[in-house]
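Colleague: Protein chains in written order, with my numbering: chain A, 1 to 114; chain B, 1 to 114.
Please keep in mind that the hints were generated in silico from the structure rather than gathered at the bench. Each residue gets a CB set at the ideal place from its N, CA and C atoms; glycine is no exception. The reader is advised that the hints may include incorrect statements.
[What the hints assert, rightly or not] Partner residues are not named here, just some residues of chain A that face chain B (Cβ under 7 Å, in silico): (1) Ser26; (2) Gly29; (3) Gln31; (4) Ser32; (5) Phe34; (6) Tyr39; (7) Ser43; (8) Leu46; (9) Met48; (10) Ser49; (11) Tyr100; (12) Lys106.
[Claimed, not checked] Taking lysine to any residue and the SDA-like style, the derived pairs with C-alpha atoms no more than 20 Å apart in a straight line are: (13) Lys106(A) to Arg44(B); (14) Lys106(A) to Phe88(B); (15) Lys106(A) to Arg110(B); (16) Lys106(A) to Ser107(B); (17) Lys42(A) to Arg68(B); (18) Lys56(A) to Arg44(B); (19) Lys57(B) to Ser95(A); (20) Lys71(B) to Pro85(B); (21) Lys42(A) to Arg44(B); (22) Lys106(A) to Arg13(B); (23) Lys67(A) to Lys57(B); (24) Lys109(A) to Arg44(B); (25) Lys57(B) to Pro14(A); (26) Lys42(A) to Thr86(B); (27) Lys42(A) to Glu24(B); (28) Lys106(A) to Ile95(B); (29) Lys2(A) to Pro75(B); (30) Lys42(A) to Lys57(B); (31) Lys106(A) to Thr104(B); (32) Lys2(A) to Ser7(B); (33) Lys106(A) to Gln41(B); (34) Lys2(A) to Ile60(B).
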Amino acid sequence: QKEVEQNSGPLSVPEGAIASLNCTYSDRGSQSFFWYRQYSGKSPELIMSIYSNGDKEDGRFTAQLNKASQYVSLLIRDSQPSDSATYLCAVNMNSGAGSYQLTFGKGTKLSVIP
Amino acid sequence: DGGITQSPKYLFRKEGQNVTLSCEQNLNHDAMYWYRQDPGQGLRLIYYSQIVNDFQKGDIAEGYSVSREKKESFPLTVTSAQKNPTAFYLCASSIATGTQDGYTFGSGTRLTVV
Numbered sequence: 001q002k003e004v005e006q007n008s009g010p011l012s013v014p015e016g017a018i019a020s021l022n023c024t025y026s027d028r029g030s031q032s033f034f035w036y037r038q039y040s041g042k043s044p045e046l047i048m049s050i051y052s053n054g055d056k057e058d059g060r061f062t063a064q065l066n067k068a069s070q071y072v073s074l075l076i077r078d079s080q081p082s083d084s085a086t087y088l089c090a091v092n093m094n095s096g097a098g099s100y101q102l103t104f105g106k107g108t109k110l111s112v113i114p
Numbered sequence: 001d002g003g004i005t006q007s008p009k010y011l012f013r014k015e016g017q018n019v020t021l022s023c024e025q026n027l028n029h030d031a032m033y034w035y036r037q038d039p040g041q042g043l044r045l046i047y048y049s050q051i052v053n054d055f056q057k058g059d060i061a062e063g064y065s066v067s068r069e070k071k072e073s074f075p076l077t078v079t080s081a082q083k084n085p086t087a088f089y090l091c092a093s094s095i096a097t098g099t100q101d102g103y104t105f106g107s108g109t110r111l112t113v114v
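Based on the provided sequences and hints, a complete structural model is requested.
Modeller: The following block contains the structure:
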């Protein structure tokens with residue numbers, strides 16, 4: 001069973017703090033990893049992608065990948081109330097015959113408290 | 001601008017009725033997907049299509065049907081055999097399933113049984 005696990009939260013952080021969202025995955029052969037942000041009642045929006053071990057920074061967002069530990073995380077610096085949303089971790093997994101499909105975690109709900 | 005258009009935004013179905021959800025993309029993507037999202041359940045794959053005139057069942061295909069007659073279009077029919085269809089339905093696309101790219105999502109259709 002190919003799985004992506006996330007803590008469902010809710011994760012509450014004060015405005016201006018660092019929010020840390022974590023994700024583990026089961027398929028050791030996975031090569032691409034994504035973070036989506038989903039506001040309540042809206043569709044998921046891709047905010048970060050990462051393919052290599054280490055850190056990738058984009059503005060206030062940093063994605064971290066450790067393939068040996070099968071672990072990917074998202075850090076949000078200087079958290080704002082507008083960051084309050086559910087964050088979905090997605091991992092591209094081999095589904096056979098050279099085909100890959102995204103497997104999604106159930107999401108972590110983040111609340112940034114003013 | 002390129003994107004995915006889902007319609008209608010809200011849809012109400014009576015018991016025993018079939019309804020069709022529309023999904024159109026102008027991204028020139030080969031692969032298209034349908035997901036169902038229920039509270040606390042994450043995204044569950046209903047059907048996907050890698051190329052025109054071809055589609056595959058996902059994890060929860062029972063009670064649903066699809067067609068892929070054009071590259072741009074991937075409509076989903078919710079049949080009367082689907083006993084619990086109330087959910088948020090998301091259509092997505094990617095360049096191809098053989099690559100390790102992320103997905104682009106449409107804005108979703110919220111289906112309610114009345």
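Colleague: Are the hints correct? Go through all of them and say.
Modeller: Right, here's what the structure says about each hint:
1. For the restraint placing Ser26(A) at the interface with chain B, the shortest Cβ-Cβ distance is roughly 15 Å, beyond the 7 Å limit, so the hint is violated.
2. With 7 Å as the threshold, the beta carbon of Gly29(A) stays out of range of chain B, its nearest partner Cβ sitting at about 11 Å, so the hint is violated.
3. Restraint check, Gln31(A) versus chain B: the minimum CB separation of about 5 Å is within 7 Å; hint holds.
4. Annotation: Ser32(A) was flagged as interfacial toward chain B, and the flag holds, the nearest CB pair being 4 Å apart, inside 7 Å.
5. A distance limit of 7 Å between C-beta atoms decides the matter here; for Phe34(A) the minimum to chain B is near 5 Å, and the interface restraint holds.
6. Interface hint at Tyr39(A): violated, since its Cβ lies 11 Å from the closest Cβ of chain B, which is beyond the 7 Å cut-off.
7. The interface hint given for Ser43(A) is met, as the beta carbon of that residue sits about 4 Å from the closest beta carbon of chain B, less than 7 Å.
8. The closest approach between the C-beta of Leu46(A) and any C-beta of chain B is roughly 5 Å, which is under the 7 Å cut-off, so the hint is satisfied.
9. Because the closest C-beta pair between Met48(A) and chain B is about 9 Å apart, greater than 7 Å, the hint is violated.
10. Taking 7 Å as the C-beta contact cut-off toward chain B, the hint placing Ser49(A) at the interface holds, the least distance being around 6 Å.
11. Satisfaction of the interface hint for Tyr100(A) is found here, the shortest Cβ-Cβ separation to chain B being roughly 5 Å, below the 7 Å cut-off.
12. Here the hint on Lys106(A) is kept, as its CB sits about 4 Å from the closest CB of chain B, short of 7 Å.
13. A threshold of 20 Å between alpha carbons decides the hint, and for Lys106(A) with Arg44(B) the separation of about 10 Å falls inside it, so the pair holds.
14. About 14 Å separates the Cα atoms of Lys106(A) and Phe88(B), which keeps this hinted pair within 20 Å; it holds.
15. For the proposed pair Lys106(A) and Arg110(B), the alpha carbon gap of about 19 Å is at most 20 Å, so the pair holds.
16. A distance of roughly 19 Å separates the Cα atoms of Lys106(A) and Ser107(B); the hinted pair therefore holds under the 20 Å criterion.
17. Taken as a hint, the Lys42(A) and Arg68(B) pair is broken in the structure, with Cα atoms around 25 Å apart against an allowance of 20 Å.
18. For the proposed pair Lys56(A) and Arg44(B), the alpha carbon gap of about 28 Å is over 20 Å, so the pair is violated.
19. Only pairs whose Cα atoms come within 20 Å are accepted, and Lys57(B) paired with Ser95(A) is accepted, the gap being roughly 13 Å.
20. Simply put, Lys71(B) and Pro85(B) have alpha-carbon atoms about 26 Å apart, too far for the 20 Å limit, and the pair is violated.
21. The straight-line distance between the Cα atoms of Lys42(A) and Arg44(B) is roughly 16 Å, inside the 20 Å bound, and the hint therefore holds.
22. As the CA atoms of Lys106(A) and Arg13(B) are separated by approximately 27 Å, the hinted pair breaks the 20 Å bound.
23. Of the pairs offered as hints, the one joining Lys67(A) and Lys57(B) is violated, with about 30 Å between alpha carbons and a cut-off of 20 Å exceeded.
24. Between Lys109(A) and Arg44(B), the direct Cα distance comes to roughly 18 Å. Compliance with the 20 Å bound is thereby established for this hinted pair.
25. In summary, the hint linking Lys57(B) to Pro14(A) is not supported, as the alpha carbons are separated by about 43 Å, beyond the 20 Å threshold.
26. For the given pair, Lys42(A) sits about 16 Å from Thr86(B) by alpha-carbon distance, which is consistent with the 20 Å threshold.
27. As the CA atoms of Lys42(A) and Glu24(B) are separated by approximately 18 Å, the hinted pair is consistent with the 20 Å bound.
28. For a cut-off of 20 Å, the pair hint linking Lys106(A) to Ile95(B) is broken: about 24 Å separates their Cα positions.
29. A distance of roughly 27 Å separates the Cα atoms of Lys2(A) and Pro75(B); the hinted pair therefore is violated under the 20 Å criterion.
30. In summary, the hint linking Lys42(A) to Lys57(B) is not supported, as the alpha carbons are separated by about 25 Å, beyond the 20 Å threshold.
31. Restraint check: the Cα-Cα separation between Lys106(A) and Thr104(B) comes to about 18 Å, which is no more than 20 Å; the hinted pair holds.
32. Simply put, Lys2(A) and Ser7(B) have alpha-carbon atoms about 32 Å apart, too far for the 20 Å limit, and the pair is violated.
33. Our distance criterion of 20 Å between C-alpha atoms is met by Lys106(A) and Gln41(B), whose separation comes to about 6 Å.
34. At roughly 16 Å between alpha-carbon atoms, Lys2(A) and Ile60(B) fall within 20 Å of each other, so this suggested pair holds.
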